[in-house]
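Asker: Residue strings, one per chain:
There are 2 protein chains.
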Amino acid sequence: MRQGAEKLHLEKKITAAIQGELGAYSQQAVYSFFCRENVKQVVPLPTLQRVFSLLSQRNSPDFAVVPIENSLAGSVGETIDLLISKSVRVVGETSIPIRHCLIIHSNTTRGKIRRVMSHPQALAQCREYLDRNCKNWEQVSMYDTAGSVKMIKEQKLMDTAGIASELAAEIYGMKLLKKGIEDDPTNTTRFVVIEDEAGKNKSISSEPTGDDKTSAIFATKHEPGCLVNALSVLSSKGINLNRIESRPFRGRPWEYYFYVDFSGHIKDEKIRNAVEELRGKVEELKILGSYRRQV
Amino acid sequence: MRQGAEKLHLEKKITAAIQGELGAYSQQAVYSFFCRENVKQVVPLPTLQRVFSLLSQRNSPDFAVVPIENSLAGSVGETIDLLISKSVRVVGETSIPIRHCLIIHSNTTRGKIRRVMSHPQALAQCREYLDRNCKNWEQVSMYDTAGSVKMIKEQKLMDTAGIASELAAEIYGMKLLKKGIEDDPTNTTRFVVIEDEAGKNKSISSEPTGDDKTSAIFATKHEPGCLVNALSVLSSKGINLNRIESRPFRGRPWEYYFYVDFSGHIKDEKIRNAVEELRGKVEELKILGSYRRQV
Chain A
798 MRQGAEKLHL EKKITAAIQG ELGAYSQQAV YSFFCRENVK QVVPLPTLQR
848 VFSLLSQRNS PDFAVVPIEN SLAGSVGETI DLLISKSVRV VGETSIPIRH
898 CLIIHSNTTR GKIRRVMSHP QALAQCREYL DRNCKNWEQV SMYDTAGSVK
948 MIKEQKLMDT AGIASELAAE IYGMKLLKKG IEDDPTNTTR FVVIEDEAGK
998 NKSISSEPTG DDKTSAIFAT KHEPGCLVNA LSVLSSKGIN LNRIESRPFR
1048 GRPWEYYFYV DFSGHIKDEK IRNAVEELRG KVEELKILGS YRRQV
Chain B
798 MRQGAEKLHL EKKITAAIQG ELGAYSQQAV YSFFCRENVK QVVPLPTLQR
848 VFSLLSQRNS PDFAVVPIEN SLAGSVGETI DLLISKSVRV VGETSIPIRH
898 CLIIHSNTTR GKIRRVMSHP QALAQCREYL DRNCKNWEQV SMYDTAGSVK
948 MIKEQKLMDT AGIASELAAE IYGMKLLKKG IEDDPTNTTR FVVIEDEAGK
998 NKSISSEPTG DDKTSAIFAT KHEPGCLVNA LSVLSSKGIN LNRIESRPFR
1048 GRPWEYYFYV DFSGHIKDEK IRNAVEELRG KVEELKILGS YRRQV
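Chains A and B, in that order, give the protein sequences.
Counted the way the working numbering counts, the first sequence spans residues 798 to 1092.
Counted the way the working numbering counts, the second sequence spans residues 798 to 1092.
Since the hints were derived computationally from the structure, they do not count as laboratory data.
Warning: the hint list may mix true and false statements.
Copies of the same chain are indistinguishable here, so a pair counts whether it falls within one copy or spans any two.
Cut-off 25 Å, straight-line C-alpha distance, at most; resulting in silico cross-link-like pairs (SDA-like, lysine to any residue) [claimed, not checked]:
1. Lys809 to Ala995
2. Lys809 to Gly1035
3. Lys1034 to Thr844
4. Lys1067 to Leu807
5. Lys976 to Pro1050
6. Lys1078 to Leu807
7. Lys883 to Ile968
8. Lys883 to Arg1089
9. Lys1083 to Asn1039
10. Lys953 to Ser1033
11. Lys1018 to Asn1037
12. Lys932 to Glu963
13. Lys883 to Gln918
14. Lys1064 to Gly1022
15. Lys804 to Leu954
16. Lys976 to Leu920
17. Lys932 to Leu920
18. Lys1018 to Thr985
19. Lys883 to Gly871
20. Lys883 to Thr983
21. Lys1083 to Arg1040
22. Lys837 to Ser857
23. Lys909 to Ala921
24. Lys883 to Pro982
25. Lys953 to His916
26. Lys810 to Ser857
27. Lys909 to Met948
Just chain A, same shape as in the assembly (with noise of 0.2 Å):
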C-alpha cells in the first residue's frame, strides 16, 4: 500500500459481505479499508456471484469487498465481469499482502502434524517452504483457506495443519504455527470496495479528495485503431492511465470489454470532458465511480 493510505473512519456502522469463509483475506481487506470497530458484521458467501447479486436486494449488506487482481496471478475476471453486468459502483480501493500462516488446532503441536490443507493456489504459493520444512506431510485441497482452519476446528483435526491468514486462526481460536511462509513475499492482492448503484448507503463520501481514480467500462467499435483512439482521449489531456484489462464480449467471439483506471475524479472538469469525448469514441461506457486512491 501506498504511502498515507490511511482506513476509512465511519459515523455509524456497516456490514460487508465478502467471497469466502469468515477468515478469509477478503476479510482482512474489510479491516484494512474500514476501521474495525466500524464494522458490525462481515457477511461470507460462497461465490462472487452470490456477492454482487445479494447487494442488490433488501436489507443487503452496505458493501461488498471483492479481490479485483493479484500481484502474481493477474486479475481476477470474474470480478470484472460481475462488475459489466451488474448494476454497482466501485466506492473505494484497497490492497493487502497476502501473509499465508500455517495454522493447527489449538489442542496439538507441530510434532502431531501428517498433512497440510488449503486452496490449491496458496499450497502452490507455500511450496518451497512446505518442501523444506513439512517434506512428509501429505497435502490436501480445499475449497477456501479459511475455510481449511474452520474444518480443522469443527472436526477436531489433531493431525491437520491448515493455511490460511493470521484473521482465521484469530477468528477459530486455533494456533499459529508460523506466519509469512508464502514463498514470494510481494504478494499482494487489490481489491475494490462496492455498492448497489441505487446507492441507499452515503456513508463513503463520492467528493474529490485531490488524489482520486476514476474505473469505467467500455467495449470499442469493431474497427482499426479503436481502443488506441478511445485511450489517447486520456493520455492527450495528460490522464494517467492506471491499469488496462480485457474481458471477452459474451456470445461475440474475439472482441472485447476493456476495464480502466485512470487518474482524476468524475467531478474534475478535465475527467469529465474526457469521459464525454470518450463516449463518442466507443460502443458502450459505463463509469464504475470515482474514489480517494489507496495503492
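With the hints as your guide, set chain B onto chain A.
Answerer: Structure of chain B alone, referenced to chain A:
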C-alpha cells in the same frame, strides 16, 4: 474460424505436445492446424509448464499446441506467462468450437447411468442440459475432460458418463450419446502453435503470406502515457491491433507486461519500421513470431 482457413500440408510427419490427456480439445486443435495424416504422434503432458519445458530438450516434440484464449473465460494467463518467460516462437494459430459430448462406456446404455464426470468448467458449461436431461445424476469433478472418458474405459464404469470432445470418444473407443450439449454454442478456444526458439524445425514457412499476424510482448516504462505512446506507433502507421492483454510483472506489484497481436508480418517493411520505433519507446520487447492469420 474465419473463411479460407486451411490446414497445413507438410512434406514430413511431425510430433506435437499438448496439455491434457489424449482426446483433449488441444489434440483437436492439433488436427485443426495440421493435416491429421501428417501428425506422427501427439504427446500428452499434465501441465502447460511441462509442455513449454519439454520443447527445449533434445528429442523433444517438433511443436506444441497450447490454448491462449477462450471466448467465454478470457485469456489463459499461464500460457501468456510462459510465452514471456520461455524461449519459444509462435509459428501459427488455430481456433476450434468447444463441442462438449456426453460419452459412456461402449458396453452400457443411457438408462444405467447414475453420475457424470468431467472438468468442473465443462460441467458448468453444460449446466442447462444436465439440469433438463440428467436431473438425478451425481456430478463429479475431474482434473480433465478427456481424462473422464479414459477413466470410464480403464475402470469399466458402466454407471458413469463423461463430458469431453468427440475425439475422446473415438480415441478410447467409447459410445457418443449426444454431441453439442454445451449451453452456449459460441464457446470457442484459440490456440497458438509454438516451437523452440532455436528453431531446429523448418516445416512451417516463416515467409509472409499476405494475410499475417505478429505476436509480441513488451513492458512499458513506468511513466504516464507510456502504453498509449507504444500503441500509437502501431495506429499511426495504420497497423491494426487485434488483441491486447496485460499480465503482472513478477516481483513488481502493479507493473505489467503487455501481450499484443497485430496485423502484418515482421518481414514487411512497414512492420519492421514500426517494431524498431516501438523498441525505442518501451522497456523490453520480444517478437514472438509472425504467422498466417487463421482467426
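Asker: Work down the list of hints and note, for each, if the structure agrees.
Answerer: Comparing the hints with the structure gives:
In this homomeric assembly, Lys809 and Ala995 come within 25 Å of each other (Cα to Cα) only inside a single copy, at 19 Å, whereas the closest approach across copies is 64 Å. In this homomeric assembly, Lys809 and Gly1035 never come within 25 Å of each other (Cα to Cα): the closest approach is 38 Å inside a single copy and 55 Å across copies. Within a single copy, Lys1034 and Thr844 get their C-alpha atoms no closer than 39 Å, and across copies no closer than 45 Å, so neither meets the 25 Å cut-off. For the identical chains of this complex, Lys1067 and Leu807 are neighbours neither inside a copy (30 Å) nor across copies (58 Å), given an alpha-carbon limit of 25 Å.
In this assembly of identical chains, Lys976 and Pro1050 lie within 25 Å of each other by CA distance solely across copies; the values are 21 Å between and 44 Å within a copy. Taking the shortest alpha-carbon separations for Lys1078 and Leu807, neither the intra-copy value of 39 Å nor the inter-copy value of 45 Å comes in at or below 25 Å. Within a single copy, Lys883 and Ile968 get their C-alpha atoms no closer than 31 Å, and across copies no closer than 43 Å, so neither meets the 25 Å cut-off. In this assembly of identical chains, the alpha carbons of Lys883 and Arg1089 lie at most 25 Å apart only when taken from the same copy (22 Å versus 39 Å across copies).
Within a single copy, Lys1083 and Asn1039 get their C-alpha atoms as close as 17 Å, and across copies as close as 23 Å, so both meet the 25 Å cut-off. In this assembly of identical chains, the alpha carbons of Lys953 and Ser1033 never lie at most 25 Å apart, being 61 Å within a copy and 65 Å across copies at closest. Proximity of Lys1018 and Asn1037 under a CA criterion of 25 Å is satisfied in both settings, with 23 Å inside one chain copy and 13 Å between copies. Only within a single protomer do Lys932 and Glu963 lie at most 25 Å apart by alpha-carbon distance; the minimum there is 23 Å, versus 42 Å between protomers.
In the homo-oligomer, the alpha carbons of Lys883 and Gln918 lie at most 25 Å apart only across protomers (22 Å), although the nearest pairing inside one protomer, at 27 Å, exceeds that limit. With identical chains, the CA atoms of Lys1064 and Gly1022 are at most 25 Å apart between copies only, with a shortest distance of 22 Å across copies and 29 Å within one. In this homomeric assembly, Lys804 and Leu954 never come within 25 Å of each other (Cα to Cα): the closest approach is 37 Å inside a single copy and 57 Å across copies. In the homo-oligomer, the alpha carbons of Lys976 and Leu920 lie at most 25 Å apart inside one protomer (14 Å), although the nearest pairing across protomers, at 37 Å, exceeds that limit.
Taking the closest pair of Cα atoms, Lys932 and Leu920 come within 25 Å of each other only inside a single copy of the chain (13 Å); across copies the shortest separation is 35 Å, beyond that limit. Taking CA atoms no more than 25 Å apart as the test, Lys1018 paired with Thr985 passes between copies only; the shortest distance there is 21 Å, against 34 Å inside one copy. Both within a single protomer and between protomers do Lys883 and Gly871 lie at most 25 Å apart by alpha-carbon distance, with minima of 22 Å and 18 Å respectively. Taking the shortest Cα distances, Lys883 and Thr983 sit within 25 Å of each other only across copies (22 Å), while inside one copy they are farther apart (32 Å).
In this homomeric assembly, Lys1083 and Arg1040 come within 25 Å of each other (Cα to Cα) both inside a single copy, at 16 Å, and across copies, at 21 Å. With identical chains, the CA atoms of Lys837 and Ser857 are at most 25 Å apart within one copy only, with a shortest distance of 13 Å there and 59 Å across copies. For the homomeric pair Lys909 and Ala921, the shortest alpha-carbon distance inside one copy (23 Å) is at most 25 Å, but the shortest distance between copies (39 Å) is not. In this homomeric assembly, Lys883 and Pro982 come within 25 Å of each other (Cα to Cα) only across copies, at 23 Å, whereas the closest approach inside a single copy is 34 Å.
Within a single copy, Lys953 and His916 get their C-alpha atoms as close as 19 Å, which meets the 25 Å cut-off; across copies the closest is 31 Å, which misses it. Proximity of Lys810 to Ser857 under the C-alpha cut-off of 25 Å is restricted to the intra-copy arrangement: shortest distance 14 Å within a copy versus 62 Å between copies. Taking the closest pair of Cα atoms, Lys909 and Met948 come within 25 Å of each other only inside a single copy of the chain (17 Å); across copies the shortest separation is 36 Å, beyond that limit.
Figure legend: structure checked against the earlier numbered hints; hints not met, in rising order: 2, 3, 4, 6, 7, 10 and 15.
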